[in-house]
Every structure is written in C-alpha cells, then in structure tokens.
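**Q** Sequence:
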Amino acid sequence: MIINKIALIIAIIGCLNWGLVGLFQFDVIAWAFGGSGSVVSRILYIAVALAAIWCISLFFRRNEIAL
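So for the sequence shown, this note's numbering puts the first residue at 1; every next one is plus one.
Since the hints were derived computationally from the structure, they do not count as laboratory data.
Errors might be hidden in some of the hints.
As the list claims (entries may be wrong) - Ranges of calculated distance between the beta carbons of each label pair, as one might list FRET restraints:
1. 62 - 28: 31 to 37 Å
2. 53 - 16: 15 to 21 Å
3. 39 - 12: 31 to 37 Å
4. 23 - 62: 35 to 41 Å
5. 28 - 1: 24 to 30 Å
6. 42 - 4: 34 to 40 Å
7. 20 - 46: 17 to 23 Å
8. 25 - 3: 21 to 27 Å
9. 5 - 45: 28 to 34 Å
10. 33 - 5: 20 to 26 Å
11. 38 - 1: 28 to 34 Å
12. 38 - 58: 28 to 34 Å
Just so you know, these numbers come straight off a predicted model, no measurement behind them.
For glycine and all other residues, C-beta sits at the position ideal for the given N, C-alpha and C.
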C-alpha cells in the first residue's frame, strides 16, 4: 500500500535527522524551519511520530502481495 511506503519514508527521514542530532548535535528540521519550537518543526516532529506508530502496525500484519 502507498500509505505504508509514505510512512516508512517519513520515519526514515526522521531517524536520519535524530542520527544527526546524536552524532553532530545538528537538527536539520530545527535548522530549516526556525528552531525546534516553531510551528512547522513541531508539525513535522508529530508527522514523524505518527509515521513511526503506523510502521509499528506493519509488524502485526500478514504479508501483503505488492502489485
């Protein structure tokens, strides 16, 4: 399903961002959108969290046939 792929892409982007925070103390989202407290940054952080929650559900599904 397309929503699974979108959620996975968003989760991967979020994970890469947190990897940069851990390795270099550099938050790309905060840098690009005016700080970690800005409205846009907070919306993006929430989108990453929702995508991660959606990806958790993939563990509990039966294998789907991709068309």
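**Q** Hint by hint, which ones does this structure get wrong, listed from lowest number up?
**A** Violated hints: 3, 6, 8, 9; rest satisfied.
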